[in-house]
Amino acid sequence: MFKQNKFTVSHAPFWHDGDSINTMNLNIMAAALPATLFGVMQFGMAALGVICLSIASAMAWEALFNFISKRPITIHDYNAAVIGIIFGMMLPATIPWWAVITGTFVCIVVGQQIFGGIGANPFNPAIIGIAILSLSWKIFFDFDAALVNYQFDFTALSPLDALKHQGPEVVGLFTLTSLLMGNQIGAIGSVFGAGIILGGIYLIIRGYIRWEVSVAYIAGIIFTALIFNMVDPVKYASPMFHLLTGYTLLGAFFLATESSTSPVNIIPMIIYGIMGGVMTILIRNIGAYPDGTVYAILLINLINPLIDKIRPKTFGKGCNQCVK
Amino acid sequence: MAQSMVKEFTKGLWAEIPPFRLVLGLCPVLAVTKSVENGIGMGIATTFVLVCSNLLVSLLRSVIPAKVRIAAYIIIIATFVTVVELVMQAYTYPLFLKLGIFIPLIVVNCIVLGRAEAFASKNSPVLSIADGLGMGIGFTLSLGALGAVRESLGNGTILGSPVFGPEFQPFTFMVEAPGAFVCLGLMLCLMNLIGKK
Amino acid sequence: MGDYFVLAISCIFVNNILLAQFLGNCPFLGTSKKMETATGMAMAVVFVLVLAGIITWITDTYLLKPLDIEFLRTLSFILIIASLVQFVEMFLKKSIPALYAGLGIFLPLITTNCAVMGVCLININEEYTFMQSLVSSFTYAVGFGLALILFAGVRERTIIARVPKPLQDTSIGLVTAGMIALSFFAFKGMV
Amino acid sequence: MIKRSFIGLTKPKLMCDLVEPGPKEPESIPIPPRMILLLNETLDSTRESLIKKGDMVKKGERIFLYKDSQEYVTSPVSGTITSIAPFTGDFGAVATYFILETNTTQDIDSNFTEFAGTPDIVTADRYLRGIPGNPPLKQLADSANKINKIVITGVDDDLMCTTRQYLLTRFRDDISKATALLRQLTGISDISIAMPESMAKLSAFNGMNMVKVASDYVSSLPQMIMVNHLGVNFVPGKTCEEMGVCFISVEAALSLVKAYAEKLPVYEKIITVIDKKGKKTRVSAIIGTPIHRIFTHIGVETGEKDRIIIGGPLRGTAAYTLYHPVQPDMDNIIIQDANDIPLISDYPCINCGNCVRICPANVPVNILVRYLEANLYQDAADSYDLFSCIECGLCSYVCTAKIPIFQYIRLGKHELTKIDSDIETEAENV
Amino acid sequence: MREMINMVIVLTVLSAFSGGLLAAVKTGTKEQIEQQVLKFQKAPAIKQILSDVSNDPLQDRFKIMDNDQELTFFVGKHDGKPDSVIFETSGKGFSGDIGLMVGINIDSDEIIGVCVTTHSETPGLGSRAKDDPKFVSQFAGMKMDKNLDIKKNGGEIDIMSGATITSAGVSLAAKKAQEIYTRLKPEIEKQTAQMAN
Ligand SMILES: Cc1cc2nc3c(=O)[nH]c(=O)nc-3n(C[C@H](O)[C@H](O)[C@@H](O)COP(=O)(O)O)c2cc1C
Ligand SMILES: Cc1cc2nc3c(=O)[nH]c(=O)nc-3n(C[C@H](O)[C@H](O)[C@H](O)COP(=O)(O)O)c2cc1C
Ligand SMILES: Cc1cc2nc3c(=O)[nH]c(=O)nc-3n(C[C@H](O)[C@H](O)[C@H](O)COP(=O)(O)O)c2cc1C
Ligand SMILES: Cc1cc2nc3c(=O)[nH]c(=O)nc-3n(C[C@H](O)[C@H](O)[C@H](O)CO)c2cc1C
Ligand code: SF4
Ligand code: SF4
Ligand code: SF4
Ligand code: SF4
Ligand code: FES
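Protein chains in written order, with the working numbering: chain A, 1 to 324; chain B, 1 to 197; chain C, 1 to 191; chain D, 1 to 430; chain E, 1 to 197.
Simulated from the structure, these hints should not be mistaken for laboratory data. Wrong hints could be hidden among the right ones.
[What the hints assert, rightly or not] To give an idea of the interface, some chain C residues facing chain D are shown, with a C-beta separation under 8 Å as derived from the structure:
| hint | residue |
| --- | --- |
| 1 | Val50 |
| 2 | Arg162 |
| 3 | Pro166 |
[Stated by the list, open to error] With the Cβ distance kept under 10 Å, some of the chain E side facing chain C (calculated, not the full set):
| hint | residue |
| --- | --- |
| 4 | Lys92 |
| 5 | Phe94 |
| 6 | Gly96 |
| 7 | Lys151 |
| 8 | Ile159 |
| 9 | Met160 |
| 10 | Thr164 |
For glycine and all other residues, C-beta sits at the position ideal for the given N, C-alpha and C.
Just chain A, with the same shape it has in the complex (with noise of 0.2 Å):
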């Protein structure tokens, strides 16, 4: 008779590829960092503290609904804080602190912890923050008045804003490599259209988002604005110039890659991810608001749960000899 060991017991399968959602979402938060940084260079200390606080707040109103709700405390998956990353670099740097602390609760408590937390929002959560924030209180979010005391070496106009209010002559006073290397005005995190594009194809060479559903919106995106712009040059700005303003890039590679709303079959995703490029352009040249990123990542976040339905015949479907 020997001392019997404890094992342990568990269900098959008992390997596990390695994969997790905290490394996922510290990959995402590492990829956002270059256009973060980059933002944080141009507009100052005051962004750094815009980026702080939406981090800090976010994961302090995941904790704290965890905690009214008798839920274990999540915030060390660090999903919070890609939340709160991302609603960061689509503020100005120059919103108030308040503003800041709101819109988090808008991300994490109404866009996602009320649904369930992780995994149940069925709209992006920073979109949600995004779209309540700037519905609310618009003037911080007209990047022209929002960044006037700064003083920059180059236009100082934010370009969407610009081609809404004076028509695509003012097209001429931005160059494409200028746009994206940084040098427009803009939110924090979406004026470095270089530095977005790095951390998306560091995203999607690990895997943790879907080329389709990027270069799908991308093209989405081309598209439509060159139709515009082949119909109408004089009122209609060029594709180029549609992909490196706004939130485009960061729609591209950060919104709508979001996975818990976005398809997990290909030919969804690049249905979803066509519509978005697609309504993009639509709301900017014929919609209300300059930028249509944000309203357009909704939509096509509405629709993922019936497009996502389109996927590959299941194993024995179609047979005749049904079971039951």
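Chains B, C, D and E with the ligands: place on chain A using the hints.
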């Protein structure tokens, strides 16, 4: 008698307060609660129709044949709705404009027909009035409360006067369409929380 | 033609009957928990709304207005709708039982549905012509169906998520509906 | 411990191990003094059992619990029953175990001997159930199953496992005998042999129906072989036998040949034991041997919180005691170090889609798992293809949220089958 | 049969009662309603535009059929001389039509002022059209030949920042007024001449 009257009256104020307990008649609740004034105005209009139709239905309950009872109720309700419509147009015109199409729509408010069918057609006129009044006041209170939340946050005022001081930047979302849904949803959650105790 | 197209876009998206006009919310919340009921309700509404829109428009234009008894509008419209629903129900039961089986349970619900009555009143208030009323009735109904089906798609998922207890069911349904209304802001200003 | 590869854009295929060239002969484990027999029938304390503590059984004797029992287990040695008790398996399935004290003198039950000259499926089913490899004799003998194809599988249906491949290489010259015997037993002429592609060149198999199976993970699962190689339609919710195909492991086929040759049931089971460092040792042990005997014999260490996996890492089961007995279908034992055990989590699905894209059966796992989690099994089966799952385990393997998806799936199927059979028994009782 | 008759009688009596009641209420409120419409919708706008008139424009009004639309013109007098008219047009706004009162001086063909009557624009954004003096005052003094479109569309009007669509809607309504006025000028002059006393 007095006791049961009190009972019928008070159940509409809490235990069965519409629209929170009976989730019906949502459209006016969402549409007219941009401000306290609109909410209460709508509530009073609905209360008037509720009480009058309850009374008439109850009086006629032995006369109306079962087969045409719904048709009869609809005629009765529609009549009082039109009366309210005309009276409001004549004496509270600005409110009439704000409530717009939702005044004639009281006619399809499930609560009104629901009370006629479920209560007034089976009870005495006195009890029916108590029931209608209770439900109506409950409805008015709900609309007023929702209006208060939405108006104060979304416009910074209650009944038109500022409540948060001049620094306050209104949270406009609350008075927009989406805010109506979200706000009602969260208030329902609050009611559920309180109701559990 | 172009005008009708603009009217249609406006009724389906921009002024969506559920999400912008707040009409028809009871069936919106009541029949959106399952995709099948949502599609059933959507079809029933299209069916009834078009009929009701036409008949009430004719009544108003050729009966109430000439006789100067517009104050009877509410009364006559609701009676028309109520009896129309009865007739449709009886007709379907006898002639197209298959369709009746699909739509049947939703028909009575429609009588007390603001959407039908509301659209009939809107047609009159906006002083639409016959064709405009027809287009608006149909497209408002399509907008209703679209919103309902999209909502059902989302709701099928939220309903099995770990929603905190006090928020379950109608409460979270309303919040979701609010977010759908928010996403329909995308269409603002387009017509 | 497995590390996620840096590039996650395309998930690499999991490759099955191939048997090492020129494999060593297995080490023989001595007959232990006490062994444990498992019988797949519930012990009913209200009924008088045929077999009692203290009874003697002969080698090869069939042990029935009750007079009307359909299930039996044959004793691998002659010995004395010292204990009879219930044994709880997966999902609360209750079986019965017997502890057998090995006798010094070995008596042999020769009931089978007189039938061994003329092989037929009914007597095979009556005497040879539970020989190594666990041939599906019951299903073959059941005339309700319209089986028209037999596949002898020389491929292992999980990662790391190589026992069947070993037997196929080691006894390849006996395969034709096995085919002939099966043909004689069942009258089915369509018999093929599934083997790894790499082995298909061997001349020993000339003239046989060969199914050449790729060595990536799911290709070797019975359902995949059926669909990809045999052209049989997969029907959700049915077993392979119900679809007309019977899979027999190469060991089972060989055991049948041996039993008919020796005119006695056989009990030496070949097992591949893989220790924490991945070292493989092949052993031959008598069915019923507690596995700790194997471990001590070949010097394998097990520690606190380690995991003992019976079968492979993706589809196996975990044993909770070192007294777990060797079973007829126990091809592999893997010891997993406590530090290598991945944690599962209580997170809900985050809809990353990894599972959906890896599932060989195209099951919408991301939605399915939500329904299973909410205990909505019927909806899961009706709308989200629960029964199309072929139980490969890959979805759990790649799940970002570390949800025990596979466990939910098995539980869901189990619950639904239970409900179905409950309804049936109720209907019978009425 | 008895039941059948009973049904018909009950419904008929109900309908008759309803019709009678409504007709009575309708007649009772008719005057009042017309007054209210003028008072709340038109009066404030008219007052604002014509602050210094010597008459009550609500009283001095006439109607002209323009195509199949009936337009009401309110006349303003200075020192007893009818020199200005006010009428309402509408333009497409951010959500629904915007009603605009436009006052025009008949002698100089200049716009005296404009004022938004009805709208359903977003509070705080489009709604500023109603009370942002900077915006609406731009129209005052404009001649009939000026392009009243917003600058983006080649006109002369500065938009309210953040509410381009509302601005464009108001401009559109003003342009419509220009167009109607120019077309109906002879008729208008004829009518106003009659009002001189
Ligand atoms: C599931 C199961 C668990 C057992 N656990 C133990 C145990 O922990 N300790 C023990 O002494 N016997 C245990 N037994 C009983 C042993 O099987 C029995 O005493 C005997 O076979 C021990 O064999 P050994 O002589 O090889 O140690 C267990 C039996 C079964 C079926
Ligand atoms: C969570 C939170 C929400 C707030 N919401 C608002 C708001 O909606 N509008 C507002 O003007 N101030 C809001 N405040 C800020 C204060 O009410 C107060 O207006 C502010 O401290 C005054 O600062 P200021 O005058 O520098 O803007 C909020 C503060 C907090 C902490
Ligand atoms: C909630 C919300 C309400 C809006 N309401 C109006 C409105 O009433 N009138 C309007 O012209 N634009 C409205 N807009 C549209 C935006 O302000 C839009 O950007 C603007 O019309 C065009 O931009 P600009 O005026 O800054 O050029 C609204 C936008 C939002 C988000
Ligand atoms: C590229 C990328 C972007 C993401 N963006 C968001 C986001 O905007 N909002 C959010 O809540 N989660 C976001 N996530 C986080 C992740 O999807 C989250 O852990 C769960 O999906 C919760 O919904 C993102 C993930 C990825 C890969
Ligand atoms: S016939 Fe039956 S088992 Fe086969 S695919 Fe269709 S539903 Fe499934
Ligand atoms: S997996 Fe297939 S071959 Fe194996 S037992 Fe089940 S049905 Fe039979
Ligand atoms: S176990 Fe998972 S991956 Fe494998 S078939 Fe079943 S659902 Fe698909
Ligand atoms: S792998 Fe896990 S988390 Fe990802 S979709 Fe599948 S079940 Fe959900
Ligand atoms: S109140 Fe509008 S549908 Fe019920």
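Each hint, compared with the structure:
1. The beta carbon of Val50(C) is not positioned within 8 Å of any beta carbon in chain D (closest approach about 32 Å), and the interface hint is therefore violated.
2. Checking Arg162(C) against chain D: minimum C-beta separation of about 6 Å stays under 8 Å; hint holds.
3. Taken as an interface hint, Pro166(C) does not check out: its beta carbon lies about 18 Å from the nearest beta carbon of chain D, beyond 8 Å.
4. Of the supplied interface hints, the one on Lys92(E) holds, with its beta-carbon coming within about 8 Å of a beta-carbon of chain C, less than 10 Å.
5. Using the Cβ-Cβ criterion of 10 Å, the hint placing Phe94(E) at the interface with chain C is satisfied: the shortest such distance is roughly 6 Å.
6. Taking 10 Å as the C-beta cut-off, the interface hint given for Gly96(E) holds, the closest approach to chain C being about 8 Å.
7. At about 18 Å, the closest approach between the beta carbon of Lys151(E) and any beta carbon in chain C exceeds 10 Å, and the interface hint on this residue is violated.
8. Below 10 Å, beta-carbon pairs count as interface contacts, and Ile159(E) has none with chain C, the closest being about 14 Å; its hint is therefore violated.
9. The interface hint given for Met160(E) is broken, as the beta carbon of that residue sits about 15 Å from the closest beta carbon of chain C, more than 10 Å.
10. Taking 10 Å as the C-beta cut-off, the interface hint given for Thr164(E) holds, the closest approach to chain C being about 9 Å.
Hints 1, 3, 7, 8 and 9 from the list above are not met by this structure, while the remaining hints are.
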